[in-house]
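All chains should be built: construct the whole structure from the sequences, respecting the hints.
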Amino acid sequence: MRSFGYASARDSADAVRLADRTPGAAFIAGGTDLLNLMKDGVQHHRHLVDVNKLDLARVTESASGLRIGGLARMRQVAEHHAVRARFPVLAEALLASASPQVRNMATIGGNLLQRTRCGYFRDIGSACNKRVPGSGCSALQGWNRGHAVLGGSESCIATHPSDLAVALTALDASVHVLGPGGTRRIPVGEFYRLPGDTPQIETSLRPAELITAVEVPRHPTATRSRYLKLRDRATFEFAVVSVAAALDLRGHFVRDIRLAFGGIGTKPWRSAEAEAELRGKNLTVERVEQAGRVLVRGAVPRQDNEFKVELVQRALAELVLGLGGLR
Amino acid sequence: MPESPRPATTHTRRTVLKSTAVAAAGATPAPAPAPAVAAAAAPTTAGDVAEVMEITLSVNGRKHAVTVEPRVTLLDALRERLALTGTKKGCDRGECGACTVLVDGERIKSCLTLAVMRQGSAITTVEGLADGDRLHPVQEAFIRRDAFQCGGCTSGQIMSAVACIREGHTGSDEEIRQWMSGNICRCACYQNIVAAVADAAREVRR
Ligand SMILES: Cc1cc2nc3c(=O)[nH]c(=O)nc-3n(C[C@H](O)[C@H](O)[C@H](O)COP(=O)(O)OP(=O)(O)OC[C@H]3O[C@@H](n4cnc5c(N)ncnc54)[C@H](O)[C@@H]3O)c2cc1C
Ligand code: SF4
Ligand code: FES
Ligand code: FES
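From first to last, the protein sequence lines are chains A and B. If you use our numbering, the first sequence corresponds to residues 1052 to 1378, in order. If you use our numbering, the second sequence corresponds to residues 332 to 537, in order.
Some hints here could point you the wrong way.
[As the list claims (entries may be wrong)] Which residues of chain A face chain B? A few of them, derived with a C-beta cut under 8 Å, are:
| id | residue |
| --- | --- |
| 1 | 1055 |
| 2 | 1056 |
| 3 | 1057 |
| 4 | 1103 |
| 5 | 1106 |
| 6 | 1151 |
| 7 | 1153 |
| 8 | 1155 |
| 9 | 1189 |
Derived from the structure by calculation, the hints contain no laboratory data. Quick reminder that beta carbons are idealized off the backbone N, C-alpha and C, glycines included.
Structure follows, in structure tokens:
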């Protein structure tokens, strides 16, 4: 790792001020992604602003929903009684992530901002538009089994690796930030950006903005919500394909449904079209299959990842039919 | 490989590490052990950006004053400054678990955290488990169950197991496998590791 300066911030305002006025500064929370990227030379920061002392680690439930502090740890959120009882998809997505040690360290804010696991991105010897804009994308003609089939461009087809972000996308969460210009609330659907021809810009976060909290609204679908993660080994591995589903059912009648997907899109992928196939109708195997077909309608598979087009439809059917008691 | 600054001498790696560790690990604030840290300046306010910092790490119940650059991981500080080489470096990327230690009772990967971020925390390494000559029940169980071959992963497995038992994730072999999955064993001693953890869990609860 190249050397850098370090300062521990006292509070949120202090953290933002430090990051704002120190050129080349970055926040460090758990450090579980940032330090890997810095060791590999993928990122360099002249200064790190440690935000671990900030009073932002609380998880609270109110009439309007759940508020998760930006510095809450993955384990803490996964074990929280309100999360488990009323937002189970969040607990499941978190428990399916990383390892117990990493979940003790990693924060919710850092999780949302973790960077892609595209091997070319993390190898400084390879061309990568996300790491070095304009250098080319090694994955387009290379080994792209793990890459996206939706939302890609000729600049980049990398997936976003966060399981939590997929679950939050299904629950219509929003990200609260504090920056030099004050506070903002960003719906998670607008937080992540498609690569287009600027894959180096991944979120709508502005310089020196700190994630202070994530808010998850209470909703009739949230209590019947689940996460299905398919991966190359039983545990401790990133998703090949994942599905978050939240369902408000009366008998077999779907009053409301939210669906989000991981591993197939260049950002956590919400499909309003697939939801529309199921909302306001009785749940049947045929309708779920139709929703799957609608989901992948615009898919652009590459050499090694064509299997994902089929796999995600099966995963969707497995999860939603299971939730609906049809499997 | 660690990139922390070392004195440029003709010493072998071992002797350099030893002497640096001795100089830096004294109970009283250490004299600057190497030219690279002669300009030591502890930050006084959060606004100061430090190149080298004098910090105190509390390890296995003892306080150690060390002088580190911010880029030194907790793992490197333990091994190279405090000469506590029981904690192993496998991947240095959070993937293998060999570097697992307890911080304030919780298991973490010491390769993914900076020493300067752990001031004021109580750190436990494998050297701190035994009670005098009496090994910790998890250590005993690993020996009894022959739960290692090369031993490279073992201290990490043991630290992780201590936490896993305390967390209550040892209800079945399946659960142990799931909750010990952050620790990889290249020698694939998994069966015996699971048996050792199950043994130790029974014993600790007795
Ligand atoms: C071995 C391994 C396996 C993993 N497996 C999975 C997995 O299966 N699923 C999964 O989802 N993830 C997985 N991860 C990723 C892990 O979840 C992330 O590394 C972690 O959540 C990042 O959080 P952190 O607090 O450590 O962030 P850091 O590493 O500290 O920071 C990450 C980024 O976020 C920024 N940042 C941090 N906090 C804030 C804030 N409050 N406001 C603004 N910016 C901030 C930092 O500047 C940095 O750019 C894995 C990681 C490892 C090492
Ligand atoms: S897919 Fe994106 S991250 Fe991967 S090499 Fe191409 S540009 Fe880089
Ligand atoms: S050395 Fe830390 S996890 Fe491998
Ligand atoms: S005993 Fe050799 S790696 Fe586990």
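query = Of the numbered hints stated previously, which ones are contradicted by the structure, given in increasing order?
reply = 5, 9
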